[in-house]
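**Q** Take a look at the letters that make up each chain.
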Amino acid sequence: MAGSGDMAVEHGGEDRRDFLKILFGATAAVGGAAIVWSFGSALEPGESAKDGAVFDVDLSPIEANSGISLRWRGKPVFIRHLTAGQVSAVEATPMKDLIDPVAVKDRLKPGHSQYAVVVGVCPHRGCVPVGNKPTDPRGPYDGWLCPCHGAAFDAVGRVRRGPAQQNLDIPPYRFISDTLIRLG
Amino acid sequence: MAGSGDMAVEHGGEDRRDFLKILFGATAAVGGAAIVWSFGSALEPGESAKDGAVFDVDLSPIEANSGISLRWRGKPVFIRHLTAGQVSAVEATPMKDLIDPVAVKDRLKPGHSQYAVVVGVCPHRGCVPVGNKPTDPRGPYDGWLCPCHGAAFDAVGRVRRGPAQQNLDIPPYRFISDTLIRLG
Amino acid sequence: MRRLIFAAVAALALSGLARSASAQTRLPQEFSFQSPLGTYDKTDLQVGFAVYQANCASCHGLGLVHYRDLRHLGLAPQDIAAVLAKLNAEKSADPPGKAPLMARDTFRAPFPDDAAAAAKFHGAIPPDLSLIERGHKNGADYIYSLLMGYRAAPPDVTMLPGHYYNVAFPGLQTAMPPALKPGSVTLADGKKPSVQQMAHDVAAFLAWTANPTLDERKAVGLRIILFLIVLGIFGGLALRSGRRV
Amino acid sequence: MRRLIFAAVAALALSGLARSASAQTRLPQEFSFQSPLGTYDKTDLQVGFAVYQANCASCHGLGLVHYRDLRHLGLAPQDIAAVLAKLNAEKSADPPGKAPLMARDTFRAPFPDDAAAAAKFHGAIPPDLSLIERGHKNGADYIYSLLMGYRAAPPDVTMLPGHYYNVAFPGLQTAMPPALKPGSVTLADGKKPSVQQMAHDVAAFLAWTANPTLDERKAVGLRIILFLIVLGIFGGLALRSGRRV
Amino acid sequence: MDNSRSDTTPGWFEARLPLCAAWHRHWSEHPVPANLTFVWSFGVLVAVALGVLAVSGIWLGFAYVPTTHGAAASIEQYTREVNFGWLIHDLHLDGTTMLFGVVYIELFRGLYYGSYRNGRDLVWIIEVFRFFVFLAVGFCGFAMTGGALAQASLTVMAAHIAAIPIFGDGLSQWFLAGFVVGPATAPRIAMLHEAIGVLVILIALLGYAASRAAKPANPDGIAVTDAGDMVPQSAYAGKVFSAFIIFAFIFALIITFAPDLGQPAGMSLTDPLSIPVRPAPPWYLLGFHGLARAGMSVGGGTLLTVAALILLGALPWLDQGKVASGRYRPVYAGFVILLAIDWIVLSVAAAEPAVGAWPVVIDITTIWLFVHFIIITPLVTMLAPEHAVPARIARRIA
Amino acid sequence: MDNSRSDTTPGWFEARLPLCAAWHRHWSEHPVPANLTFVWSFGVLVAVALGVLAVSGIWLGFAYVPTTHGAAASIEQYTREVNFGWLIHDLHLDGTTMLFGVVYIELFRGLYYGSYRNGRDLVWIIEVFRFFVFLAVGFCGFAMTGGALAQASLTVMAAHIAAIPIFGDGLSQWFLAGFVVGPATAPRIAMLHEAIGVLVILIALLGYAASRAAKPANPDGIAVTDAGDMVPQSAYAGKVFSAFIIFAFIFALIITFAPDLGQPAGMSLTDPLSIPVRPAPPWYLLGFHGLARAGMSVGGGTLLTVAALILLGALPWLDQGKVASGRYRPVYAGFVILLAIDWIVLSVAAAEPAVGAWPVVIDITTIWLFVHFIIITPLVTMLAPEHAVPARIARRIA
Ligand code: HEM
Ligand code: HEM
Ligand code: HEM
Ligand code: HEM
Ligand code: FES
Ligand code: FES
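Protein chains in written order, with our numbering: chain A, 1353 to 1536; chain B, 1353 to 1536; chain C, 73 to 317; chain D, 73 to 317; chain E, 13 to 410; chain F, 13 to 410.
Worth double-checking, as some hints may not be accurate.
To spell it out: a stretch of chain F is covered by chain D in this simulated footprint if at least three of its residues, at any positions, have a beta carbon under 8 Å from a beta carbon of chain D; those stretches are [stated by the list, open to error]:
1. 56-69
2. 254-267
One-sided and incomplete, this derived list gives chain A residues near chain F with beta-carbon spacing under 10 Å [what the hints assert, rightly or not]:
3. Ser1390
4. Ala1394
5. Leu1395
6. Gly1398
7. Glu1399
8. Ser1400
9. Ala1401
10. Lys1402
11. Asp1408
12. Pro1524
13. Phe1527
Just so you know, these hints were derived from the structure itself, not from any lab. Quick reminder that beta carbons are idealized off the backbone N, C-alpha and C, glycines included.
Working from the sequences, and respecting the hints, build out all of it.
**A** So this is what it looks like as C-alpha cells:
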C-alpha cells in the first residue's frame, strides 16, 4: 500500500479509487437486486393458477327468500337473499344456543346484510347441504339442511344441530356495487 | 496409554481388548451391511412395475404364414409363423440391399427360425404397420406395410423401403418350449 | 435435569388421561394383531374378505388393494383366479367395452363416479375402505361397532329419509343400511359365521387393507431391536475395556 | 493453450460444414423473428391464427395454448370472446354435456382420441402443433414448405390409399390433404391473402405457439448483455485503479 | 476413538488428503470441558437424525409424485409394493419424531444450563433459527403427504402467512403457488421440503462452527479456562455411544410398535369424505398450533407464534443473572421446568377439539409462556438467590 | 479483494463467528504460484455454474411433476405461464452447457500442463470422477424432460447399464425402477438428478480440499517451492473477475440468441408421433455417445465409454515424462491438441445418422482416442525431446 507521488495526487487517487469502487459495487448491487427480484416474481402464481381465481356475481336476479348455488374453484358456493324477517330472526338467537358461536354481523358484510354468502360444504363429512331450490327442505332453522346426517344450519350458515361442529365456511368476497360481489 | 500391571496381564488385556474391538466392529459392520442391503433392495422395481412385465405366449395356435398381434407393456407386438420358403427368401437378400443391415440369424432365435417376433411400431413416425390379418396387404416384401407413409418391411421386420430408416425393434423374449415364448 | 425429565413424564401421563376423555360409544373387540407382538390371523382375514365381497363390495371400493395382494391372506393363485372369474362373470356395473379384471388390477370401484353414489344414498357417498381403519382411533373396533351399532331409532329423534339409526356413527344417522346379511357367507367347513363374527372378521380384514405390512414390520422391527441390544453390549464392553487400560 | 483454443474453433467450423450437409427439400422463407434482434410481426401472427382456425383447427390441436394467450397476438378481450362464441356455437365434435369453452381453456382437441384420428387418416394421426416448429430444424421454413409442397405424384411412385404426394414431407407421401383453401380467410381490410401468405403466416403463428416468450427473451437478454458490459467496464476500472496504487 | 492411528505414517490417500488427521484435530482430540453430562451427546444425535432423514427422504423421493392425487397415492403404493418401502417411510416419519425429540430436549438443556451465556448468544440465535427451520421442513413434509388433513393444514398455514402485515398476501401466494391450494401447490411444497430439508444441514453446520468458535457450554455454565479442566472429545466416546444406542433403541421401538406415534389419526386419508372430525398437526407442531389458536384470530395466532420464537432467541438478553447454570440458581431452574410442563400441557390441549375446558387450558398455558419469558425470566434471574459458582468445573465426568 | 478489513477490530458477528477471517485465510490471502494464467480462473467458474444450476434447478423443481406426461407438460407450462419461467429454465439448460464448457476446458488444461503430476494424482482422479458425475447428472436432467427423445435415451442408457457384467441387469432395473421405462421411472430419474445434482457440490468441495492439500498446479508444471514465487490469491482478483464477466457474457448471449444451443432438435416434443427422425444426446454427451456407438454392440459401447474415462483417470501413471507442462514438451503438447480436435470431430460425427462416411469418422476418431492414451502418451512422454525446465517459475503474471 506504499503510495507514490505527493499527498495531493495520492489523495486524489484515494478518492478516485473509492469512487470507482462504489460505482462498481453499486452496479453489482443493482444486478444482484435484479436477479433476486426476478426469482422472487417467479414464485408468484402462474396464469393458470389465476384463472377463475376471481370472478364477479350479479345478485340482482336473486329474489328475496331464495338462493342460488354456483361453483367457485371447484367448491359449491351458496348465495341467499334474506328477508328482513330472517335477518332479525338469526340476530335474535342467543349466543349460548350456538354450537360454534359467531355474531351475525361477522358473517354478513356491513350495509349488505340482506345477502348471505357461504361455502356449500358440510363441515361434518363434506356433503352438500340442501335449501337453495324452493322445493328443498331448509331444516328446522330456515337455513340449510345436510342430507347426509341431518346437520342443520341457520339462514347465515351457522350450525344449529349436529353432527357438524363448525359453521359453514365463508368464501373471500367483497361488494363492488349493491348488487355485484367479487368472489376471491 | 501408560499400562499398569506386569507384561502378562497387560498383554492379556491387549488381546481381550482387541478381541472385543473386533467383535464390536464386526457386529456394527453386520448392521451397516443390513442397512445398505435393505436400501438397495428398496431400489428394485415394485410389484406394479413387475405386473405383466413378463408373460408367456403359446405359439401353437398360429398357423404357418399367418401372424398374431398382442399388446405387451402398451406396445403392439407382432408374432409371425414363417414358412420355410419365407425364411430362405429373407436369407437370400444381400446385405447391401438393406437400409439397416442386420443378418437374419440376429433377428430370429437359433433353432426356432420359423417364428419372427417384432415390436409393431414403425420407426418412422410410430404408426402401427399392417400385415398380420390375412386380409392385410403385406407390402412388396411379404412382411409388413406401414399405412402412414408406406415404409415396407420384410418377413423378419427389416425395413426395405423408406421413409423409415431403422428395422422394427425386437422385444426381449426367449423360448421356453418349442411353442411357448416368454416375453420380457 | 433429571427432575426435568421426570416432570415431562408426569405431564405426558396427564395427557393420557386427557385423551381417554374423548371417546365414543364403542364395543371394544379382541383382535389378534392388537397386542404388541400379535400378528394377523389369516383365517380371520380370509373370512373377512369373503364378508367384504358378499356384503360391502357392492358399495365400497378398495382402491389401494390389488386382487393379487390376496395371496398375502393365504389365497392360492387359483383361488384368486376363481374370485376374478366370478367378478368377470357378473360385470353388471361397468360399461361393455371394458377389459376383464386381472390379478394385477385394484379392487373394482362399485360406482362409476361419486355423483352416481351420492344419488343413490341421499347425498352420502360410500367412502373407499382401503384406509378407513387408519382414519379412526382404534379403527377396527370402530368398524365392528358401526356394523353392530344399528338400533331402532328412539322416538325423540326425527330420522332423515333413507337413513338408519346407528349408535356408533358420529351423527347417529347413517345413509349406510345395515350391511351384514346373516348367512351371506359360508366357511370352508360349511358353517355360516355369526353376524358378530362377520363384523369382527371384516373389521380385521379392513385393518389389514389399511396396514398390510404390519406383520413384516413387527418381525423386522424385533430383529432390529435384538441387534441393537447385542450391539449395545459389545460396544459397551469394547469401550469399557478400552478405557480400562 | 492459445493454440488449443484456436484448434477447437477450427474443428467447430468444420462441424458447421458437416451439419449443413444434412438438409431437406426446403423453401426458405423470410420471417421477422429469425434475425438476431427480430421480433414477431403481430399482424402476421393474427393472420396466421385466422388461417389456423379456418384450415388446421379441424384436424390439429394446440394443447399448450390457451385462448386467453391470444391477447399476446394483440387480440382484444372481446375478439377472444367472439372466437369462443363462434366455437361454442358449432360444438359438433364434443359430447353434449360438455361445458362451453372459456378463455382459460386450451385450444380444443379436434378428435376425441388418437384412435378416432387414425381411423380417419389411414393410421396417421394429426400431431398436436403446439411444439411442431421446435420439432424440426428451421421449423417455420419446414411448415411453409410442407404446406406448399404438394405436387402431382410422379408416375414412378405408387401412392398409398388416401395419401398425397408432398416434396417437403419426409417419406414424400403424407396422409394430410392439402389444407390451405384459397379465400378461406379474410383480412381486416377485406382482402383475401394469397396461399403463399397464408402458409407463411400460419408458419409464423406456429413458431409463436412453440416459442411464445421469444420477444421477451430477446428484450430481457439484451438488457442483461448491456448490463454486463457496463459492469465489466466499471469492474475493470475499479480493480485496475485498486492495483495502480 | 483410537488415536494411535495418527501417529503411524500416513497411507497413500491420507498423505494426499489428510481426512483422518482432520478428523482427529477437529473432532476426537478437540478439547472439551471435563464435566459434560449425558445430554451433551445430543448434538451428535441431531446429526444422526438429519442423516437418516436425508437418506430416507431421498429414497421416498424416488417414488413421490407431487400432484393433488399422486402425493398420497404414490407413497401409499411405495410402502405397500416396494421392498422395505414401509421401513423407509417409517424411518422418515418417525425419524422426524426422533429429530424433534432430541431438538426439544437440547433447547431445554440450553434453557436450564444457560448455554446461551458467556458470549454464546450468536450460537443460541442460530440454534433457535435452526429449530424454526426444522419446524418449517416438518410442516412441509406433513403437508406434502397429500391427505385431506394435509390439504386442510396448508390452507390454515397459508392463512397464517397471509396474516403477516404488508408482505403476508404475497408470501402466502408464493407458498401455495396460487390463491388457494391447487394443482400448482403440491410440487411447490414438495420442493420446499426437500430443498430446505437439505439446506438445513448447512445451517446446522454453521451453528456447529459458531459453537466451536465460542467458549464451550457446560453444566456449570462457566467459561472453562483452565486447560486441566479440558479433555479430548474422544473421552466422551462411551457417553456418545450409549446415547446413540438409546436413541436407536427408542427409534426402533417406535417403528415397530407405534409407527404413527404423535401423528393425527387419519392423516393418511386421501378421501375428503372421511376427514377425521377434528384435524390436528403432528405433535411437534402442536405447541405452536395451540399458541396460534389462543391468538383467537388467524392474525393473532401468527403474532403469538412468531413472538414466542423471538422471545426464545432473545433469552441471552432477557436473562439478567450473574450465574448461568440452573445448578446454581434453583429458583429459576424450577421455573424452567415449569415452562417445560406448560409447553407439554399446551400441546396436549391443542390436540383437543375446542370444547369444554380445553380452550381455557390453551389460553392459560399460552399466557404463562409469555409471562415466563417477559416477566419471570428477567425478574427471577435478577432477584432470586444464586449459589456461589465454583471457579473451576464442579465435578469431572470424563 | 480488500484485505485491510481483517486488520480493523472485528464486529459483533465477526468476533463470534470469524467468517471474514476464514475467508481471508483460506481464500484471498492463500498463497498461490505467481505464474497462473487466465485458464486457472476456471475453477471459480465451475463453482458459479454449479450455483446457478442448483438455484435454477430448485426453482424448476417448484413446478416439475415427475410423471410420464407431467414432466414435459409441467415445465412447458412453467416456461409459458410463470414470470421469468423461461429465463429460469434457460439458466438451467444453458447453465449446463456453460458448466460443461468450463469443465471440458479445465480437463484439457490439466492434460496440457500436466496438472496431475507432482503428487496431484488423487486430485486428478477426483476431478475425473467429478466429470463423470456431472455427465450422469446432465443425462438424468435431459432424460427427465419427458419428451419422446428423453424416453428413448432412457431406454438406450438402461441398455448400456444392463450390459455391465454381473450387476448390469440389477443396476438398470434400479435405474428405471422397472424393466422398461414406465410410470415409476420418472420420479426415480428426477430424484437421482436432483439429489446427485446437489451432492456433486460436495464432491467438488472434496476435490478442492485435495487440491489445496497438494502442491499447487501451474503452467510450468513445476512444484513451486520458493515463497518468492507465491502471491496471495487476491492478486488474481482481476483475472478471476474478467473470466467471470466473459463467462457471464457468453452465457447471456446463448440465452438470448440460441437457448437451445447444443440440444438435439425436437428434444422438447412430448408427442411420440413427432419424434425427430434421428434422436441424439445433448452436445456434452455426444462424444461418449459416439464412443459407445463405435462399440458396435451395446455392451461394447459401455466398455469403450468406461475405458475412456478410466484411461483419463490413469494419466498420472501413463505419463512417463520427466517434465509435466506442455510448455516444455512441444511434441506431446501437439498430441494433446490433436486429441482435443479428435474429440470434437467425434462429437460432431456422433450427432449424424449412421449413413455415409459418418460411421467411419466415428470409428477412426474413437480408435485414435485410445491410441493416444495407450500408446502415444507413454511413448511420446518417454522418448520425445523435452526442454530444460526452469527451477523457478518462468514468468510472473501476478
Ligand atoms: C430436516 C429434515 C427433514 C424433515 C424434518 C422431514 C420431515 C418430513 C415429514 C414429517 C414428512 C411427512 C411424512 C409422512 O407423514 O408420511 C416428510 C415427507 C417427505 N419427505 Fe421429508 N423431511 C426431511 C428431509 C427430507 C429430505 C432431505 C428429503 C428429500 C430430499 C425429504 C423428502 C420427503 C418426501 C419425498 C416426503 C413425502 C413422503 C410422504 O408423503 O411420506 N425429506 N418429510
Ligand atoms: C400441519 C399442521 C396443522 C394442522 C393440520 C392444523 C389444522 C388446523 C385446523 C383444522 C384448524 C381449524 C379448527 C380450529 O380452529 O380448531 C386450525 C386452526 C388453527 N391453526 Fe392449526 N393446524 C396446523 C398447524 C398449525 C400451526 C403450526 C400453526 C401456527 C403457526 C397453526 C395455527 C392455527 C391457528 C391460529 C388456528 C385458528 C384459526 C382460527 O381461529 O381461525 N396451525 N388448525
Ligand atoms: C450439476 C448440476 C446440474 C446439472 C448439470 C443439471 C442439468 C440439467 C439438465 C441438462 C436438465 C434438462 C433441462 C432441459 O432440457 O429442459 C435439467 C433439468 C432439470 N433439473 Fe437439473 N441440473 C443440475 C442440478 C439440478 C439441481 C440441484 C436441481 C434441483 C434440486 C435440478 C433440477 C432440475 C429439474 C427439476 C429439471 C427438469 C426441468 C426441465 O425438464 O427442464 N437440477 N437439469
Ligand atoms: C441422452 C442422450 C442420448 C440419446 C438421446 C441417445 C440416443 C440414441 C439412439 C436413438 C440410438 C439408436 C440409433 C443409433 O444407434 O444410431 C443410440 C445408440 C447408442 N447410444 Fe446413444 N443416446 C444418448 C446418450 C448416449 C450415451 C451417453 C451413451 C454412452 C454411454 C450412448 C451410447 C449409445 C450406444 C452404445 C448406441 C448404439 C446402440 C447399438 O448399436 O445397438 N448413448 N443412442
Ligand atoms: S356430512 Fe353433513 S351432516 Fe354429515
Ligand atoms: S410412420 Fe410408418 S412410414 Fe411413416
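**Q** Hints first: check each against the structure and report whether it holds.
**A** Structure-based check of all given hints:
| no. | hint | result |
| --- | --- | --- |
| 1 | 56-69 | violated (count 0) |
| 2 | 254-267 | holds (count 7) |
| 3 | Ser1390 | 5 Å, holds |
| 4 | Ala1394 | 5 Å, holds |
| 5 | Leu1395 | 7 Å, holds |
| 6 | Gly1398 | 4 Å, holds |
| 7 | Glu1399 | 4 Å, holds |
| 8 | Ser1400 | 6 Å, holds |
| 9 | Ala1401 | 8 Å, holds |
| 10 | Lys1402 | 9 Å, holds |
| 11 | Asp1408 | 23 Å, violated |
| 12 | Pro1524 | 23 Å, violated |
| 13 | Phe1527 | 31 Å, violated |
This entry does not satisfy hints 1, 11, 12 and 13, going by the numbered hints stated previously.
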